[in-house]
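Protein chains in written order, with numbering that gives the first Met the number 0: chain A, 0 to 253; chain B, 0 to 253; chain C, 0 to 253; chain D, 0 to 253.
Hints were generated in silico from the structure; no laboratory data involved. Every clue listed holds true.
No distinction is drawn between identical chains; accordingly, a pair holds when it is met within one copy or between any pair of copies.
BS3-like, lysine-lysine: derived pairs with alpha carbons at most 25 Å apart:
(1) Lys159 to Lys134
(2) Lys215 to Lys136
(3) Lys10 to Lys178
(4) Lys10 to Lys70
(5) Lys144 to Lys44
Residue strings, one per chain:
There are 4 protein chains.
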Amino acid sequence: MDFVSVKKKGKMPKLNNPILIEGLPGIGNVGKLAVEHLIDTIDAKKFAEIYSKDFPPQVFINPDGTVELVKNEFYYWKAEKENQRDLVLLTGDYQGLSSRGQYELVEKILNVCEELDVKELYTLGGYGLGHDISKPKVLCATTHKTLVKEMKKHGAVFKKNEPGGGIVGASGLLLGLGKLRKLKGICFMGETPGYLVDPKSAKAVLKILMSITNIKVDLSALEDKAKEIEQIAQQLKEMESGSGEKSEDLKYIG
Amino acid sequence: MDFVSVKKKGKMPKLNNPILIEGLPGIGNVGKLAVEHLIDTIDAKKFAEIYSKDFPPQVFINPDGTVELVKNEFYYWKAEKENQRDLVLLTGDYQGLSSRGQYELVEKILNVCEELDVKELYTLGGYGLGHDISKPKVLCATTHKTLVKEMKKHGAVFKKNEPGGGIVGASGLLLGLGKLRKLKGICFMGETPGYLVDPKSAKAVLKILMSITNIKVDLSALEDKAKEIEQIAQQLKEMESGSGEKSEDLKYIG
Amino acid sequence: MDFVSVKKKGKMPKLNNPILIEGLPGIGNVGKLAVEHLIDTIDAKKFAEIYSKDFPPQVFINPDGTVELVKNEFYYWKAEKENQRDLVLLTGDYQGLSSRGQYELVEKILNVCEELDVKELYTLGGYGLGHDISKPKVLCATTHKTLVKEMKKHGAVFKKNEPGGGIVGASGLLLGLGKLRKLKGICFMGETPGYLVDPKSAKAVLKILMSITNIKVDLSALEDKAKEIEQIAQQLKEMESGSGEKSEDLKYIG
Amino acid sequence: MDFVSVKKKGKMPKLNNPILIEGLPGIGNVGKLAVEHLIDTIDAKKFAEIYSKDFPPQVFINPDGTVELVKNEFYYWKAEKENQRDLVLLTGDYQGLSSRGQYELVEKILNVCEELDVKELYTLGGYGLGHDISKPKVLCATTHKTLVKEMKKHGAVFKKNEPGGGIVGASGLLLGLGKLRKLKGICFMGETPGYLVDPKSAKAVLKILMSITNIKVDLSALEDKAKEIEQIAQQLKEMESGSGEKSEDLKYIG
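Please put together the full structure from these sequences, using the hints given.
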């Protein structure tokens, strides 16, 4: 096994002018939530897995008691209408742990993309605000200037010098290394408090993606998850403010 | 020397349909205690050592003043009865320090297994509870669904979604990477508080292994060690509760 | 892509007896500020980029919304007068993150230098004092004893056993590894408090470099930046001493 | 340049049945002090240097203002009397920073040893006690049982199970990896408080080495350094006990 290895399940799919949509774990797990929801809803098919010696040395346990080596997974979906394009979807358990691991993972992903004749990359992630947000906007960055205009039409937001720290991880690196290979790339970053997994932000990201891909996706499952998370967030706040009141009480007493 | 290298002592043993039993250092040292006890009791023979540049740069000192480079060790044992199978046993001083080191160590172990025609892997470890446990159960996870039923018969426990964090280290990776090579694998995790080395948990793991392998192992030495450890644990608790009383006394005085 | 790779833009420039001037991020960002100012002012041309798997897995975002993979950049400038020499300039976003990454980055830089027939290396950095300094001196260290005398003539300062910790990073390594390749090297370290980016120290370093290269550079932009930073430093001090007074007040009250 | 590279100065020396004496930085810098003193006193000649990408990316500055890449250094010395043996001496600025770096450094050292037909390795280090010691003993560990008896004759001490943590770093690894190459090895560990560099402990180690090698070394310079260090240690203690008294005084007052 190489440092990073791609394991294909049978033949590679034959796709027509496909685009990649990537969503790996990250801030608020926005990208991963979005791509996993998309895979489930459109019933995409798995065609390859990626293993890496830079992932943690770990297996997860399935509900039936069997184990699963940590990995990334490639899926594909074939367009059903004239105005749609074939999709390659990537999600997974981890990103690389080290810089080198991140670069080599992304290079293997790009190799698969080139093999499938993917020329456009959409990478999804979260943009951590550190505070609550009622209507998360979706920030965007692209490899080419012409794409900026195009993405604005679909509702993506460009803020000068944001994110100030750039984009760290696979979502950024796919664009950076993809650009060197003459690929087009677009990164969507859903605004998120960043404390908890954030299905609301994932939904905002998917909405733009639906507009671009002309694929209709039922978002109700994400909405349900978002309500759950909001309740948890509310409970955490009450616990905090509860203890806050106590400490104020104590001030009066003490 | 490669990053991980196997050093064989003479010819490799010729074994008949052998199974691997692995126990490297980990939580409560459960796996290592179990396999070392097994090796000593059945008088298994060493046939190879593994060195790794990802082990600490360290030698241990033998009682006679000579040094020993840190390593993993392979032993074998030939079945003595009809209903037994030949064993390959693996234990050692360390697991790999880094992710890459873990993956490469496990790949070398699997190479040796394939050379010896091992098709079934039993990996032993601890499952840290963070609290005392009088009768440690033995949790289990396997590579194949059919093995789940089989292992339940021998008393292994499957709890849905446990361990929640999966299995980290060689015990998990042997199953994960072994599955990719079409090997069967079973991981036994003895429940343990996880604070001290835990011969009681190692004993629980060995009992199941005895049932599977039809090998009778005298467990009295492990039981003696378990009593020692329980006394130490008791003393530690008394010291804690002792100081606890003192600090309460001080409250009354101060 | 190699661990460190050089990507050339078209043909390599043909230079006449050029010198390298390096300024990568470091203490007070002195070296980077100096070389970037030089590149802008003399209008040097980019001819190559360096990417490394030991840089962070990151893209930065340009003001126009496009992304830029983190990198180092090579520029050149052709002498305009008899008493000047052609320049190769190196700056960038990061140095290598690990020891190995630093060594391999510097080796690639030296490879490019040898390809361009560079025989003299000037490396620029900061010397952190941990306290304010009104007139920063420029410390110096060289690969060869004859260069010590020469550099003193241009105003560089040699203090016995300073910096006591030697020179860490690309500025030191270029000299150390360059010396093994029979290259001459000079490191200029501008004194700096080291808390903030320090254009004043960068200016001091550039003044010596102007004397050596006979290139006149307008330093007013650096001076403006230096004033800005001094104001920020002043504000930070006032905030500190302000809160100091408050806490003293509190002592009187409490 | 390889990950670790040996750079020879001209031809390799022709030595007659030589032994290696190694002393790299470590606890109390005992080994490095001892070997450096030996090199200076017997006027050994440098014949090779080792560079490593796992050393810090750093140059040190010589008193004359020139730089020196961090490295390890090989010296040799030819026997002057019948009862002496030729020496290969190794010291340096650093050991490898990572496990892999340590293993690869030691392998390169052993390669040089084999090239010079060295069959016996003496490695020197400190044994940190964590408390003062008036007459430091010299603990010993060896690759072969026969060497234990031999070393006891020269005054080396073997304590069962000490050091309990084995020997970490080049001094241990040279024995561990050397043993795999059928080389004999002896490690001397001078007892030391371990807080400061310890010339007294280095002297104790050298005394045994003098007995073994039949080389007389003037130890007065080490003794002078030892007195200096003892004064510093004394001053540090007085400072501590001074503040200790104060805090006791405060108890009476407060």
